[in-house]
Each structure stands twice: as C-alpha cells, then as structure tokens.
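Number of protein chains: 4
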Amino acid sequence: MSLEAPMIIVNFKAYAEAVGEGALRLAKAAERVWKETGVTIAVAPPATEIGAVALATEIPVLSQHIDPVEPGSYTGHITAEEVREAGAVGTLLNHSERRLILADLGLAVKRARDAGLVTVVCANNTPASAAAAALSPSYVAVEPPELIGTGIPVSRARPEVVTSTVEAVRRVNPGVGVICGAGISRGEDVGAALRLGTLGVLLASGVVKAKDPEAVLTEMASHALGR
Amino acid sequence: MSLEAPMIIVNFKAYAEAVGEGALRLAKAAERVWKETGVTIAVAPPATEIGAVALATEIPVLSQHIDPVEPGSYTGHITAEEVREAGAVGTLLNHSERRLILADLGLAVKRARDAGLVTVVCANNTPASAAAAALSPSYVAVEPPELIGTGIPVSRARPEVVTSTVEAVRRVNPGVGVICGAGISRGEDVGAALRLGTLGVLLASGVVKAKDPEAVLTEMASHALGR
Amino acid sequence: MSLEAPMIIVNFKAYAEAVGEGALRLAKAAERVWKETGVTIAVAPPATEIGAVALATEIPVLSQHIDPVEPGSYTGHITAEEVREAGAVGTLLNHSERRLILADLGLAVKRARDAGLVTVVCANNTPASAAAAALSPSYVAVEPPELIGTGIPVSRARPEVVTSTVEAVRRVNPGVGVICGAGISRGEDVGAALRLGTLGVLLASGVVKAKDPEAVLTEMASHALGR
Amino acid sequence: MSLEAPMIIVNFKAYAEAVGEGALRLAKAAERVWKETGVTIAVAPPATEIGAVALATEIPVLSQHIDPVEPGSYTGHITAEEVREAGAVGTLLNHSERRLILADLGLAVKRARDAGLVTVVCANNTPASAAAAALSPSYVAVEPPELIGTGIPVSRARPEVVTSTVEAVRRVNPGVGVICGAGISRGEDVGAALRLGTLGVLLASGVVKAKDPEAVLTEMASHALGR
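Residue numbers (our numbering), protein chains in the order written: chain A, 1 to 227; chain B, 1 to 227; chain C, 1 to 227; chain D, 1 to 227.
Check the hints yourself; a few may be wrong.
Said to hold, decoys possible - Pairs of lysine-lysine residues, derived as DSSO-like cross-links and limited to a Cα-Cα distance of at most 30 Å, are as follows:
1) D/LYS110 to C/LYS209
2) D/LYS28 to D/LYS211
3) B/LYS209 to B/LYS35
4) C/LYS211 to C/LYS35
5) C/LYS110 to B/LYS110
6) A/LYS209 to A/LYS28
7) B/LYS28 to B/LYS211
8) A/LYS211 to A/LYS35
9) A/LYS110 to B/LYS110
10) B/LYS209 to B/LYS28
11) A/LYS209 to B/LYS209
12) B/LYS211 to B/LYS35
13) C/LYS110 to D/LYS110
14) C/LYS211 to C/LYS28
15) D/LYS110 to A/LYS110
16) C/LYS35 to C/LYS209
17) C/LYS209 to C/LYS28
18) D/LYS35 to D/LYS209
Since the hints were made in silico from the structure, they are not lab data.
Predicted model, so just to flag it, every value in this text is computed and none were measured.
This is chain A alone, in the form it adopts within the complex (with noise of 0.2 Å):
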C-alpha cells in the first residue's frame, strides 16, 4: 500500500476538464509521462471517472474522498470497497475542500486500509500534519489552503511549514511519508519540494487547466528526476 517516490498526484476536483472524455485525456497523458519518465504520477478523478480512467489507464488512480463507513445503508456515501471496485488503489482524505472530523479521519484511514487502499491525508498545517501522522495514513499531504489555486508554490512561499512538517510527522509516526501541495505548477516547484524532503507533491489547478497538461507534467518529472 504505497506508491513509488518521487510521486506527482493530480486531483482533478471537481473541473469541468475533468469529466468524460476530458477525464481520459488527462490521465492518458500522465500514463505518457509515466512511461517516458519513469516518475509515479497518480491520478484522482471524480467518482464518477474512477471506473473509466482506471480502465483506460495502467497508472494509479485514487479517489478524491471516502466516507468512514462499511457498506451498507448509507446513501450518497462512497465507500473504500466501491472506489476499489471501480479500480482505486487509494485515496485522498481530509482535503480542504472535503475536511473530515478527526473520527471520522481515524475511521476512514483504517477502512481504507483494511481495504487495501493508499491513503493520503491532507493537513492544512504542521500540526495537523502531526496530528495525520499519528492516524498512520500511507502519506501525508501538507496543503496551506491560503496557496490553494494560486500558483504561488508552497515550496517557495512556506518551505518552513513543509521541513518543519517533514520533522514533526518522522517524530510522531515515521513509517509515513511526507508530500506537500497547493500553488504547485512549474517543474521547479516539484524539484524544491524534493529538496525540502518531501516524496513528491500533490496538485490540481496547474496541471488540470495548463493548456498543455502533458508539456507540465513532463517538466515536472523531469524536475523529480533531477535532471
């Protein structure tokens, strides 16, 4: 249940790029990047999408949330069995736009993992990110939410909240890794995030609806490879 470092995670929230055949397309293209580069990219379509990228696509494809419940009688609920169905092989948590109570978190960790999932939880702060550590997802993700959407990078505009971050979580649970999100969209980007000890980078707007998602994307591998 992990991913191979570096990773680059493209959520495609809820972005009209990202429904249908817009969905496929942008996942091809990270499974191009992927095999050209070697670099892990990880898709996160909406629900609806798992199945078809996950069909389509030989790369990893998570979901974007899961609810903290078994299957049963919970409408309009998703659970870790029906996005592993569909071809999930983790999932987000806890993003800012989907925030869970710290339960329910626990909960949705360990369903997932009991179902085989990935999991990547994401904290809005250092100790959030701690407090995420101690519920031993696969990865945390360290997302100022003030940087959300704004191309301006967490790397250059807080790398103190992502080392400190790096620190806190090996103190609390070092069996988790440690990647790092929001204002992601050039290649340098992810090189400095590496650089601050992250794993890789999880984003969305820069890739999702970049005129060329590929150009990004190879850009940014190469930045993870270090060249």
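Given chain A, work out where chains B, C and D should sit, using these hints.
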C-alpha cells in the same frame, strides 16, 4: 424532466450487494421488469457505478446525491454535470442519510434542473415535504426516517403522513409530484402508496437485499398496475 | 409568540463589541429607543450573554440559534429550554452563518414553539423563504447572503426579492410574518423595508459597529414610524 | 493554563438537571467537595449558564465547546473571548457529541490557548488521542463513545485503551496530560483511572443524574486521593 407514473425508485445505497457485478445484476433485473410490465423502474446506484449501469441498461438512472456546486475547485464533491455525463437522468437529494442545509438544497435543486436532471427531494415529514415543494423539485419523497429499513411500510404505519403530504405539497406547489418511502418491501405496499395519492415509491433494502429482487419488483409492478 | 410590528432585530453576532459590558451597553441603548419611540427593538446577544442582557433590560431577547434537540446528552448544544431559562423569548434560526439541514430546521422550529419561543427563520432567497414558511415559524427573515455586512441594503439593491418573498410566504403560509435583512444601516433602509411589505428588519453591523448605536436606532425607529 | 491533578471534570451537557437553579446546585455541590477534599473539580455547564456558575462558585468553569473563529461576523458561534468573559477558565473541545474537523480543532485549540484557556480535547480512541496531542492542548480526554452514558467504566471495560493512550500521548507530546471518560459513575472508577496513568476523569450523567451528586463526588474525590 419527469418520470412516467407509476414509478418505483430503487436506491442501491452503499449496500455490498450493489457494487460492481451486483449493481449491474440489480439494474438488469429492474430493466426486465420494466420491459415486461411498463411500470417505470428507476435505479440509484453508488456514484462509482452510475456509468456502468447507465451503459448496460435503458432504465432511468439517478444519482443518490449531488453537491450544490458548479464545476470547479471542489475536491470530493459530485456535480450535476458529472452525474449527467456518466449517464444519470436525475438525482435523489436530501435523503435522511445525506441531508442538506436548506440553502444548499435549494441550490442543488436549481443546479440539477439547469443540467436537465429530474430531482427527487426526500423529506422526513409533512412540513418538511411542503418546504421541499417550495423549492420546485420534480418530486418530493416523504420518508419518516424511523421506518426506513424496518419493513413496516409508511403506507400502512403512517398513511396520514402520506395523505397530508400529498395535500400540503399540492397546496404549496401543484407541479410537484409526491412519492413515498420507508419500509416498502411488498407489492401491496406499493398499491397502498398509490391509493394514498402518490405517484410511486422510493425503496432500498426491500429490493436490494431481497433473495429474488426481480420477483419482488415484478410483484410490486403488478400491484402498481392495480392487478 | 409574536413581536409587535414594526420591529428592528439587532443581531450581536460574535462581534467583539457585543461581549460583557458591550452587550449590556448595546441592549440598554436599544431599550431606551424602544421606550422613547414605541418601536419594538429586539436583541440577539451571544449565548453567554443572554442571561445578563435579559436581567438588565425589558426588551425582547433572542438567542442567535438553538439546536434541534431535547434536553439530554448533547454536549456543546443549546436547547430551547436553556435559552428560555436564561431569559430569551425567542430565537433566530438558520442564519447564513449558522445553517441547519431542512429536517433539523423543522424540528428546531417545533422545539422552540413548544417551549413558547418566537422563531425568526433566516433564508437566503424567495424559494428558501417559502420553504421556511412551510415550517410555520413566527417570522421568516429573507437575507441575500451576498449583501450581509456590505451596507448596501437589500431593500434598495434587491427590492424584488423582498416583495416576491412577501408574496410567496403569504401564499404558502399567511400566518408567517416577513422581515428582511442584509445591508441595513440607515433609517431610510428600514422605511423602505416596511413599504415593501415587511414587518421589520434584521440587522447587525449597522448598529453593533456604529459609533453611536443609539442614534442609529433612533433614526431607524423614526423611519419605522413613518416620520 | 492547567488544572491541578487529580481532577474530576463534570460535563453538564444539555441535561434538564443542569439548567438554571439546577446548574447552580450542581456547581455548588462540586465546590463543597473541592473545599473539603482538595481534589480539583471542574464543571462544564451549558453556554447560557457559564456566567451564573462562574459568579456563584470559585471552582474552575469550562465551556463545553468553542468555535474556531475570532470575534466577528459569526452568528450562533461561541468564541474563546465570550466564554472567558463569562468566567470560564477553559473549554472542552471535540466531544463525541460535538466533533470538529481536524483543521478547526487545531485552530480552536490555538484560539483557546491564545485567550488563556485550558483545553480538554476529547478523542474516541488511542490513535485519535495521539493525533489530538499533536495539536498541543492542555489535556486529551480519551472516551470510547460506545461506553458514554452506559455506567460501564472505560477503566474497567477498556483499560488497555487508557494505558495505550497514556503511552501514545507521552510519545507524541509529553506536555499533554491524559484524562479518561465514558461510563465513570463510582469512586472506584476514578481510582482505577488514576492507576492507569491518567490525571483524572471526565464524566457527566454519573454525577449530573445522580440522586445525590455531592455524595457521588465525595466518594470519587476520596478514591482520587487513594483513601
């Protein structure tokens, strides 16, 4: 944006029986009953199964929920556009297991309508049904939560809730149809619901967890036709 | 369970000006204006200040919110009984900063009514106001959220929202009074609100953050009386 | 910002017994036991009763909850400043009946700390307690929700949860004290909790709904002192 009455809406919830092959099996059983009887049978699979079910059958597919947001930066949300693209023709909203705040419910109804989706807004009693009707959905489904999953049909346990809802909704907004749910598991429950003035029923475990869902639906359709 | 029209309801929110001595100062200013003009002025202080404000003044005190629960095992909740015991005669509900799901809103209105409290249900537009009216509160307060705190009064910026709400509420439930809010900060805004068919206004920063709250309220009361 | 150990924190919840005169009676009983035994007894009345209880007694008064917001435009919220002004010296946070999302919990702890309030963060199990400790509250109160209100004490039913929490919290943040709760209703439960390494207990119905709360508290204090 309407379904032909009488109608039976089968909510797959997050039941284990309704994932992957199970979802297709249930949907195909529903389709056969529709073809044989002419009674509208709609299904509401988990978000991850909408695409596959819509591809495999010709019956109306509903989402179990949509979020009241436009396409955009909304991780872990489900938009009207996403479910329509996946093949849904409508959506449940405000199910007792997935309630919405009033302002969001109004917005979700509007967003679904603008996307050309049928809306079935669930409500827990007569005043809430009247309130829901003021938001101009296609249908209001009155479901006393205490009867959900019990096998004790609302049409028998609380017929006055159903009739008072039919009256209240007609007074507030005569263009809104009423269906009822909670505890519906046999053909006679469906017949009773229609005699109380509804256009059909919303049910879940009574079909999804039945040993022979097709037989249950056939009996329900038969009663819906007054046979 | 009603307030005498015309009425001005001052929501203290969680403003720094409205805690401790500040709450008492505001409430006493409101009381003086009421005594001098006869115009109903109700205040909605923070929960922690209800008791002190109710003890120190004779004007109607409202809670800003109650939870839809009976007395019992509900940590961090506020019940109808608690606010009544503290001296409140009513409560705001469903403010745009404290929304409730539809089922809870219906239950909160019922619980408040059963406890003898006046209910003022906020709603963001005309359909939501009509929906709220179906729950039979004492009043519906229509407040377009985009105007709250702007100083641009709803009565001037969106008069058609106010008049269509007055009509829609009358159609759904003629026993429910309509007030309006958002951007109300001057006497003429109050006069305009009454001419549009409302029974009064709900406001906050326009009074709480005014240099001279008593002068603002006096001018508002004067306009409310058509002088 | 700490309480003297051993400590007994009595959560009044929204119990009918804890409103108005009842709140004062309970608080005064707690005060007498504290004066006679020297064991810290803190009380957490409903928000509307904080002022009266703080005025009438000298024991530590806690809020049951605060919202993670600064003073401002937040209707129906409770701020750190409000409860401090009313006389509280601290607050419970994240009780199983009033959970917070992780980011808000971190912010609420910070806001309370900045206002000089003691913080007691509830958590449902050991990993969540460790996570809570990473946010640097004054105390973590581990409470398996399934035991709350049962009279089956966590210290007897799940002692391993208490000891593993004490260890995990010490590892993550040794400056954070651990207390435990759920099912605590007798003196021996308090003694057992202390022997498991906690600094005290959090309880509610065991005292609030007791026929003679003072006798129960006296027995508990006696066990807390090892007599």
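Comparing the hints with the structure gives:
1. D/LYS110 to C/LYS209: 26 Å, holds
2. D/LYS28 to D/LYS211: 15 Å, holds
3. B/LYS209 to B/LYS35: With a Cα-Cα distance of about 22 Å, the restraint between B/LYS209 and B/LYS35 holds, given a limit of 30 Å.
4. C/LYS211 to C/LYS35: Since the Cα atoms of C/LYS211 and C/LYS35 sit roughly 21 Å apart, the hinted pair holds (cutoff 30 Å).
5. C/LYS110 to B/LYS110: Answer holds: C/LYS110 to B/LYS110 is near 28 Å, not above 30 Å.
6. A/LYS209 to A/LYS28: 15 Å, holds
7. B/LYS28 to B/LYS211: 15 Å, holds
8. A/LYS211 to A/LYS35: 21 Å, holds
9. A/LYS110 to B/LYS110: It is violated: about 37 Å lies between the C-alpha atoms, which goes past 30 Å.
10. B/LYS209 to B/LYS28: 15 Å, holds
11. A/LYS209 to B/LYS209: 43 Å, violated
12. B/LYS211 to B/LYS35: 21 Å, holds
13. C/LYS110 to D/LYS110: With a Cα-Cα distance of about 37 Å, the restraint between C/LYS110 and D/LYS110 is violated, given a limit of 30 Å.
14. C/LYS211 to C/LYS28: Status holds; Cα separation ~15 Å.
15. D/LYS110 to A/LYS110: Cα-Cα ~28 Å, so holds.
16. C/LYS35 to C/LYS209: Measuring from Cα to Cα gives roughly 22 Å; hence the hint holds.
17. C/LYS209 to C/LYS28: Cα-Cα ~15 Å, so holds.
18. D/LYS35 to D/LYS209: 22 Å, holds
Against the hints set out earlier in the document, violations occur for numbers 9, 11, 13.
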